[in-house]
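**Q** Take the two lone chains and join them into the complex the hints point to.
First to last, the sequence lines map onto chains A and B.
Per UniProt numbering, residue 1 is the first one in the first sequence, and the count goes up by one each step.
Per UniProt numbering, residue 1 is the first one in the second sequence, and the count goes up by one each step.
Think about it this way: if two alpha-carbon atoms lie no more than 25 Å apart in a straight line, the pair counts; the simulated SDA-like pairs of lysine to any residue are: (1) Lys-138(B) x Asp-291(A); (2) Lys-206(A) x Ala-88(B); (3) Lys-58(A) x Gln-161(B); (4) Lys-151(B) x Thr-133(A); (5) Lys-151(B) x Gly-47(A); (6) Lys-107(B) x Glu-95(B); (7) Lys-197(B) x Asp-26(B); (8) Lys-208(A) x Glu-100(A); (9) Lys-154(A) x Arg-216(A); (10) Lys-138(B) x Ala-284(A); (11) Lys-208(A) x Ile-52(A); (12) Lys-151(B) x Gly-78(A); (13) Lys-208(A) x Thr-308(A); (14) Lys-208(A) x Tyr-93(B); (15) Lys-208(A) x Glu-92(B); (16) Lys-210(B) x Arg-126(B); (17) Lys-151(B) x Ser-79(A); (18) Lys-58(A) x Thr-7(B); (19) Lys-234(B) x Glu-62(B); (20) Lys-58(A) x Glu-243(A); (21) Lys-107(B) x Gly-119(A); (22) Lys-208(A) x Ser-271(A); (23) Lys-197(B) x Asp-59(B); (24) Lys-58(A) x Ile-160(B); (25) Lys-151(B) x Ser-26(A); (26) Lys-107(B) x Gln-104(A); (27) Lys-151(B) x Arg-23(A); (28) Lys-151(B) x Leu-327(A); (29) Lys-151(B) x Pro-24(A); (30) Lys-151(B) x Lys-197(B); (31) Lys-151(B) x Met-137(A); (32) Lys-151(B) x Thr-45(A); (33) Lys-208(A) x Ser-90(B); (34) Lys-168(B) x Leu-231(B); (35) Lys-58(A) x Arg-9(B); (36) Lys-206(A) x Asp-91(B).
The set of hints was computed from the structure by calculation and includes no laboratory data.
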Amino acid sequence: MIDQNTYPELEPGTVSADEMTLRPRSNFVNILVLRELESHAIFTTNGEDADIATVALKSEDGPMDYAPGLMFMRKQTGSDRRFGKALQRDLDLFDEDEDECTMQVNEMCQDCVECILYGSAASSDEGSDVSITSRVMYDTAYSLRDASVVIDEKFQNAPGGDYAKSAEATIREPDFFEPGTMFPSVITLRDVTPAEVAFVLGITAKNKRYGAATSRLGRVNNRILGVYVGSEEGPANLELTRETIARHRADEETGYETTIDVVMAEALDPSRTADHVSSAFEDAIDAQGLDLQAVSEETVDDIVEIATGDDFADVLNEQRDHSRAFLDQAE
Amino acid sequence: MDVLEATLRTRGEVTFTSREVGRLADTEPYILNTALYYALGLASGRYVDTSYEPTYVEDTAEVTDVYVSPAAPVSGSAPNYVTTTYNATSDEYAEVNYSAQDDPNAKQNLPSYGRRRSLAHSTPLRFFVISRGPSADKLDDRLPQYVRLGKKRGKARLDIQRRSATRKSGQFRLNHPIGAYDYPTPPEGNVVTKSMKPTPLVLQGDYTGKYVSIDREDDDRVRFPADLTFLATKR
Chain A
1 MIDQNTYPEL
11 EPGTVSADEM
21 TLRPRSNFVN
31 ILVLRELESH
41 AIFTTNGEDA
51 DIATVALKSE
61 DGPMDYAPGL
71 MFMRKQTGSD
81 RRFGKALQRD
91 LDLFDEDEDE
101 CTMQVNEMCQ
111 DCVECILYGS
121 AASSDEGSDV
131 SITSRVMYDT
141 AYSLRDASVV
151 IDEKFQNAPG
161 GDYAKSAEAT
171 IREPDFFEPG
181 TMFPSVITLR
191 DVTPAEVAFV
201 LGITAKNKRY
211 GAATSRLGRV
221 NNRILGVYVG
231 SEEGPANLEL
241 TRETIARHRA
251 DEETGYETTI
261 DVVMAEALDP
271 SRTADHVSSA
281 FEDAIDAQGL
291 DLQAVSEETV
301 DDIVEIATGD
311 DFADVLNEQR
321 DHSRAFLDQA
331 E
Chain B
1 MDVLEATLRT
11 RGEVTFTSRE
21 VGRLADTEPY
31 ILNTALYYAL
41 GLASGRYVDT
51 SYEPTYVEDT
61 AEVTDVYVSP
71 AAPVSGSAPN
81 YVTTTYNATS
91 DEYAEVNYSA
101 QDDPNAKQNL
111 PSYGRRRSLA
121 HSTPLRFFVI
131 SRGPSADKLD
141 DRLPQYVRLG
151 KKRGKARLDI
161 QRRSATRKSG
171 QFRLNHPIGA
181 YDYPTPPEGN
191 VVTKSMKPTP
201 LVLQGDYTGK
211 YVSIDREDDD
221 RVRFPADLTF
231 LATKR
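Next comes chain B alone, as it looks inside the complex (with noise of 0.2 Å):
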């Protein structure tokens, strides 16, 4: 069988909110695939928001057949970091302003200024496309050249590699993330996992059952569990 590896080169800054302290909102150098499956286009969301509730498992219902991992850093590459700071002034001439004391938007939460920490342009992520159903092929033709991502909806690239994978089953190690409640069963041991929102991941961890494993030429193997499904727990 072949899998799909995308390797995500960013073209600008791309921001998510992974952590806020404070005013800073800082983004951590993984992407997780409940914004993959949106960005790649195999599941859509909505323009006009009224439940501010998210809806990962309605709108990817139609491709569970095809497996979409978390983005991890390319090993040996570390994340192009830039932090800048915001201010939304509005735009009219003459506007009243508050002392801190007085301030009538005081309650709410409006930050009209703080810092973002971003992943520069040219920071390159990976992650693997694993489908049970259509071809590689097929997928590949599917996937965009370029992708949007984000709270500002940053721009990057998409390169696309083909790679023969092969489904063995026993003892193995997980060594690129999964989602959390992407895999029912729980590691054995070894395991490291990373608190992210709105899923945790397990970025290591030891298994036993099928597996897929992906042969990346001179690089180290991918294995993967066979069968995982996007919030698998969830549905």
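So that you can see chain A by itself, here it is in the shape it has in the complex (with noise of 0.2 Å):
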């Protein structure tokens, strides 16, 4: 089982699973997640061009800026609750009288621990004229490198099998993100028991696919770095990104003369990333003097294990009477 008796470590920074509420109150977890592309992927909002940003660095030589390509929030959550609502059905979370919940704008369940913890819109139902706000907070993720290095526009020709051609556009070149390219990423939960902790646990760890044409780009290895629970939020992604390119410049080991070498690097490291996002989260969390503190290592291992485990449905099931008893007091 799953709950602030069995972990107590999580205790600072959730809520127990009948004490539910449906006014927010400031019980945050805090996942801090280093995404690694392990294949090419599309992050686009056009279809055609990657998302770029400016960021402003500093350096050796006084202010200067980099253009990292981003990861919009919603195409991580998109790909998440996707996975999430798969996890459910895999784990026959649903009786087989009940409509299997999807992913359609309307036709929600609003009754699975999925839909509760991540938030949904009226559903097409008469009478149940619902709507759930998301505890679940992602954010804009900024890649380490700079987009020039990091984002290669691939050109794509769909011909077709006549000889005798029409006169059609066919031809695109998308950008592509190239195998490597790393996006530090926190995942924020408010008010959520450490069933649903473990729910998003076991997402962030079996989901591998992120952004388009994921049948044969997208994959992402997310390497979950630590789970910090507390009174408030931690430092968002792009001060987290700035501070890992800091790191890697300071590194001795790695011996990156300037900031710029690091940001249009052939490929970083991604177990030193790894560590650098690590210390640059918790170093921010004691200069900001933020109320947070890390849940052990050993703790996360477990949860995940049991998140990712075939014994899960029994979670999510217990968790599932708990959230629709949260629901229900709002009627």
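**A** Printed below as a string of structure tokens:
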């Protein structure tokens, strides 16, 4: 089982299952993740171009900026939500006479753990005009390296098999993120139960496809670097990314001479990056005096193991009763 | 007396639907205090909504001795914008694509694609927290360092500075936006307003009466009518 008694470490940032209340309180769980691309991926909002930001950095020669590629928050939410729904179907969480819950905008069941945790808008059923606010919050992620090195345009031509061609535009050149691109990222959960934390950890550990054309591309390795609980949110991805770049620059073993060398590097070492992201997050907690404490690695591993195992259905089934009770308070 | 001046710096995209033009939702570079009270944790919303009516007045019934002004762009800085297209496809392997003429869902307002113009990262906005009750110190302790804002809960960082302020009386010009319903007396002249939802803003206006003048060191003083109350005329 996963509750506050089995994992007392989670207590400062979670609520117990029978204390879920409609009014927000200050219980936060911050899941620190390093998302690393293991294949090419497409993150665009217009189908062609990757989204790029301009971010200021401090360098040895004064202020400079670089242009990271973006992984918008909804690119992460959308994929994780779909994966969460699939996970629930695998675990037979839906009774036979129930309609399965889908991502169809007006056809969410609003009754399963996923809908109640991630939120949903009014369903198409008459009389059940409830909308639920998400208690899972994502943040736009910024690539550690510059767009000029992590993004490549690739020529695509879909000519068809006919000898005589009609005049159709079948050529496009979308932006692809290169494998090895890394995005430091935080998932924030507010007022959730330990079982719901496990659900999100399980999704994060198992979900490996993000972006467009996921049947061929978009494989991502989500490294869970740590879980931090307390009464507030931790630093944003933007700060984390900047700080991680500074740490790469200061890292004597890798020997980057300038900040530009880091953001323009051909590749960054993933495990060193993971260490830098973790220490950047922890130092920011100290420096900003945030009320957050780390959950031990054993506990996190333990929960991830349960959440990715076959018996997780029991946990979700029990959580489902509490989630429904939570929802019933609104009526 | 002391007043808190907060600088809000967006850390990712922050979306409000200030204006909807067809399939485009646009965000104005102002954040109304109707959103800030919740973001700062001074009022609590609800996770589950069944009424679809705003409850600003009820939710802030106990914090009328604190006034949070709307946030406006820091002078000299232009808001950073990002425009994105969204496309909410379903997760089914096979689905029916209806032609526009036979779409059974056509009459429902269920946009599955569109565009959003959002505030991008590092847009600085400024607002003030004026207290008639709790001391500025106590309020400062209560305010979070990171907040979530807008339709998609974009992340933003708050940096708070203490400013000394004096209460004066006479003629003065308001030079930081307030909600149009936050002060019962209408301005006498030089009025600049902005239509926003759910409450319009008064960006500038001349008033006579008691006011709070906030000393901002080298920068311009900011003047607010004294005794502002959030949604005063709606209570």
